[in-house]
Amino acid sequence: MLSPESYARDAALVAGLRAGDDDAFEALLQTYSARLLRLARRFLASEEDARDALQDAMVSVFRSIGSFESGSRLSTWLHRIVVNACLMKLRTRRRRLDEVEVEIDIEEYLPRFHQDGHQVEPSQPWTESAEAMLEREELRELVRASIEKLPDSYRIVLHLRDIEEMSTEETAEILGITPNAVKIRLHRARQALRTLLDAPMRTLHA
Amino acid sequence: MSTDAYITCRELIEFLDAYVANELAAERRHEFDRHLSVCPSCVAYLHSYRETIRLTRAAGDVVDDAPPAVVAAILAAIRRAE
Chain A
1 MLSPESYARD AALVAGLRAG DDDAFEALLQ TYSARLLRLA RRFLASEEDA
51 RDALQDAMVS VFRSIGSFES GSRLSTWLHR IVVNACLMKL RTRRRRLDEV
101 EVEIDIEEYL PRFHQDGHQV EPSQPWTESA EAMLEREELR ELVRASIEKL
151 PDSYRIVLHL RDIEEMSTEE TAEILGITPN AVKIRLHRAR QALRTLLDAP
201 MRTLHA
Chain B
1 MSTDAYITCR ELIEFLDAYV ANELAAERRH EFDRHLSVCP SCVAYLHSYR
51 ETIRLTRAAG DVVDDAPPAV VAAILAAIRR AE
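Taken in sequence, the protein lines are chains A and B.
With my numbering applied, the first sequence corresponds to residues 1 to 206, in that order.
With my numbering applied, the second sequence corresponds to residues 1 to 82, in that order.
Every clue listed holds true.
The calculated lysine to aspartate or glutamate pairs, modelled on EDC-like cross-linking and capped at a C-alpha distance of 16 angstroms, are:
no.	chain 1	residue 1	chain 2	residue 2
1	A	Lys-183	B	Glu-23
2	A	Lys-89	A	Asp-52
3	A	Lys-183	B	Glu-14
4	A	Lys-183	B	Asp-17
If you want a taste of the chain A side facing chain B, the calculated C-beta under 10 angstroms gives, among others:
no.	residue
5	Gly-20
6	Gln-30
7	Ala-34
8	Arg-63
9	His-114
10	His-118
11	Ser-123
12	Glu-131
13	Ile-147
14	Gln-191
15	Met-201
16	Arg-202
Now the stretches of chain B that chain A is said to cover, found in silico as 3 or more residues with beta-carbon under 8 angstroms:
no.	stretch
17	6 to 16
18	45 to 54
19	67 to 78
These are computed hints drawn from the structure, not numbers from a lab.
A virtual CB, placed ideally from N, CA and C, is assigned to each residue, including glycine.
Throw the hints in and build the complete structure from the sequences for me.
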């Protein structure tokens, strides 16, 4: 939920942008550019490409602020424009040269079941807690690297839902897919990530 | 199948996101809890699924400010677009 302060801030930003106020654009960038750059980096491995996509998106925001509907959330609208700019960039570039080797086939990382509905490989308890893991930078890096292995369409949903903490509906609107598709991709992304982290979380010692 | 039958591990795991998000109707949630009370494997899976969400959230925690050069380049691009 948007706090009353954030709502008022966004309303003032939109009013300023529509009035052509330069300070409003700078304030918009101060408020949102870091988050939006982080989003662009989820799509594009090259820092230069991520910055270019953000710049293209912001020019587009500047040009189309008149079409922003007051009932919408500014943050959702901005995210959607950045996603579109990243997709445009992706059409001409792959995320990274070695992507084919890095990216996993998600089907292979989902749980498998016997005919009777039992798991083929019963789950074992994780001996590491998330808190203990996160105190160690190399383990945070392991989590980030594991997220990077997810295919684009899953990684972006995971980013918007579990990192940006956007709602299912907002995520659907940003990506132009149905809320149900968001739910399915999120669940599969979490399951695959759980599989990727399973061995380290059972064997590492804090 | 009698109505007292337990749901399977597959059913539980396929709808675990709804369970974790508290989106299940009370009766359905009760079926999940019953299964969990007798299935250590699914308890372990549920715990690790929740930990995965925590790890994801925390891994993305750091949001540095966008570099000033990025902001400056965007403002320059907008001035050109004016």
